[in-house]
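*Asks:* Input sequences plus hints: build the corresponding full structure.
The primary structure of each chain is shown beneath.
2 protein chains.
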Amino acid sequence: MVSDLRIGIDLGGTNLKIGIVDLYGNVIHKTSVPTGCGPDFVVGSIVATVNTLMKRAGVGMNQIATVGIALPGLLSTRKGVVIRCANLPGWDGVPLCDLISKALRKPVAMENDGRAAAFGEYRVGAGRTSPIRNMVMLTLGTGVGSGIILDGRLVQGHAGRAGEFGHSIVKLGGELCGCGQKGCLEVYAAASRVHNRALRALENSSAESSLRSIDFRHGAPTSSDVVAHALSGDPLAMQIWDETCRYIAVGCVNAAHLTDPEVIVLGGGMAAAGDFLLRGVTRHFREQYWNVELPRADIRITEAGNDAGLIGAALLAGEVSSVTMVNQFTENIKAPVVVSLNGCPTENL
Amino acid sequence: MVSDLRIGIDLGGTNLKIGIVDLYGNVIHKTSVPTGCGPDFVVGSIVATVNTLMKRAGVGMNQIATVGIALPGLLSTRKGVVIRCANLPGWDGVPLCDLISKALRKPVAMENDGRAAAFGEYRVGAGRTSPIRNMVMLTLGTGVGSGIILDGRLVQGHAGRAGEFGHSIVKLGGELCGCGQKGCLEVYAAASRVHNRALRALENSSAESSLRSIDFRHGAPTSSDVVAHALSGDPLAMQIWDETCRYIAVGCVNAAHLTDPEVIVLGGGMAAAGDFLLRGVTRHFREQYWNVELPRADIRITEAGNDAGLIGAALLAGEVSSVTMVNQFTENIKAPVVVSLNGCPTENL
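Going down the list, the protein sequences come from chains A and B. The working numbering numbers the first residue of the first sequence as 994 and each following residue consecutively. The working numbering numbers the first residue of the second sequence as 994 and each following residue consecutively.
Please note that a few of the clues may not be correct.
Given that identical chains are not distinguished, each listed pair holds provided it fits within a single copy or across any two copies.
In silico SDA-like links for lysine to any residue, alpha-carbon gap of 20 angstroms or less [said to hold, decoys possible]:
id	residue 1	residue 2
1	K1048	N1019
2	K1175	T1275
3	K1175	L1165
4	K1175	L1287
5	K1023	I1294
6	K1175	S1206
7	K1175	D1235
8	K1072	L1097
9	K1175	E1236
10	K1175	R1239
11	K1023	S1225
12	K1072	P1124
13	K1023	Q1056
14	K1072	R1289
15	K1072	T1024
16	K1072	E1286
17	K1175	R1276
18	K1023	G1153
19	K1072	L1287
20	K1175	P1288
21	K1048	G1171
22	K1072	E1255
By construction, these hints were calculated from the structure, which means they are not laboratory data.
*Replies:* See the structure below:
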């Protein structure tokens, strides 16, 4: 039997999504479970979930060529080791590829989730049309992830850190970002910041707003509340949403000037706003773009949606030579990292 | 005789630099003349200057394989046509490659000057060391030019517009740039802005400063005046210079996050400040860079200096197939642009 399938894993702070993906990026079977906490638990959960999924799908391990994992944070993709991961506390230094490779007996590769999603989107989503060779994707979630495709290839840079639009400075001396910089795009364009902006606006103004009817005890209004109320015509929600679209448009202007792509794709949780997001961002993009010539990049909403990350991880893993991956694990990890069983560490970035 | 030499032309708003360059990027002979104005005059001047230089150098036209031209502004590098050029008024729509190719009977290619300089710097300057595969260059002159090298190749994007760090927005809602955008890096980091900042500081403050001794009638103080007075310990000049270094450092932070390069090179007129620029920018770069990990990119001063542009243009032209270039001229320029003899048009961007 030919090993022409791949396993794609999207390891998020909240959910663990696993799919069986074919050579073309089609998701044959998939499942999602809560992530849980700590590397030991999660590695065990990944292995158990993969096995259950394979059984349910009637797919044998001999049909699987490679495994790809997408996860947030800084990674050494070459060594298969997590360096720093804000949303997965306790994972710093964990040789995740090695652990999964030993358990599943398959070559495993990892990629930052923003970059993996960009690659997935490029191959099977909004970037799949054949003349497109250059694409930027911004994933607008709790943070702003991103990835750049140039001439059909995912841009990695010197050590696999390239493409971090979320942490490019768009407001010199601006608000403090979780990363320690001031004025990062993430501080203005992430879904979590829409929520903050809404809370602040409600606290600092006495204006009538339907947003006030939301139960604040649960941390609402969320970005989707803001979208819903803006769509219903609430002026305050409309203003917050418009401001958000303007910030995202700055990211698009910079993406256009820096990489000259055919397409800029908006993904992540906020992409659920669909056309409402697209119209707002496109309008501000055109307004802010230079007057030297008309904008050339087309802004689109994700088509691969929530599967972009696992598809991208699966396809990228398939492009790395298995031999290289196996050798890496034995050569590079000289002092294996001890994975503790201390439960969930609480320290963050 | 083997055609193993190339002609590199750096067509600037003030000076026209022409060099004979070998396969390795060494400049064998070079010359510089004032640019003059209008496409007709300049094309004639290029042809005459090339002929004089060749004669002086004892090099025959049969030894020249290709000609490369670097010039500022938006170009259609594929068609060899100038689209818009702020510093060369009257050049919009001029099929420069075709004109030079017909006159010199050689294949001619063109590239934006910032990108050509980046490529020249990568091949023979601060980026030439063999392990370096990823580099960003910022040319800090009247404007801020730039180019990105990824995996050893100059990044072009969809239509050869990629790498415009100068027009990425670093201050949302900031000062108006000549391009029509607000808050571009160019507005804060260009040499001309150092001059403006100094003038403003002198007008708006009564502080003692040795900069006041400069003859203002000639538009002084220039950025090099600011450097000289800051080096002599003048507090106001030191403050203006420090602020400038901070702005340039924002460009470096963004370059680091977006392309993850081994090296970021500072070139252009301001690079004449050498170590004084390097120390200031590096300090602010480290201060502003995220705290997730230490900066990995090394900031350097140009080593190819003023020749970077013509070397880059010469080497890039050598990498484009001559056949492609010749075919382009006959295929793409359907309606030849009439080059007028109206003298110097004055309209700008």
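*Asks:* If a hint holds in the structure, say so; if it doesn't, say that too.
*Replies:* Results for each hint:
no.	hint	in the structure
1	K1048 / N1019	within (19 angstroms within a copy, 64 angstroms between copies)
2	K1175 / T1275	between (26 angstroms within a copy, 17 angstroms between copies)
3	K1175 / L1165	both (7 angstroms within a copy, 13 angstroms between copies)
4	K1175 / L1287	between (31 angstroms within a copy, 16 angstroms between copies)
5	K1023 / I1294	neither (22 angstroms within a copy, 51 angstroms between copies)
6	K1175 / S1206	neither (33 angstroms within a copy, 37 angstroms between copies)
7	K1175 / D1235	between (22 angstroms within a copy, 18 angstroms between copies)
8	K1072 / L1097	within (18 angstroms within a copy, 53 angstroms between copies)
9	K1175 / E1236	both (19 angstroms within a copy, 16 angstroms between copies)
10	K1175 / R1239	both (18 angstroms within a copy, 13 angstroms between copies)
11	K1023 / S1225	neither (35 angstroms within a copy, 68 angstroms between copies)
12	K1072 / P1124	between (34 angstroms within a copy, 19 angstroms between copies)
13	K1023 / Q1056	within (16 angstroms within a copy, 63 angstroms between copies)
14	K1072 / R1289	between (38 angstroms within a copy, 17 angstroms between copies)
15	K1072 / T1024	neither (27 angstroms within a copy, 50 angstroms between copies)
16	K1072 / E1286	between (44 angstroms within a copy, 17 angstroms between copies)
17	K1175 / R1276	between (26 angstroms within a copy, 16 angstroms between copies)
18	K1023 / G1153	neither (28 angstroms within a copy, 40 angstroms between copies)
19	K1072 / L1287	between (43 angstroms within a copy, 19 angstroms between copies)
20	K1175 / P1288	between (28 angstroms within a copy, 16 angstroms between copies)
21	K1048 / G1171	neither (41 angstroms within a copy, 62 angstroms between copies)
22	K1072 / E1255	between (33 angstroms within a copy, 19 angstroms between copies)
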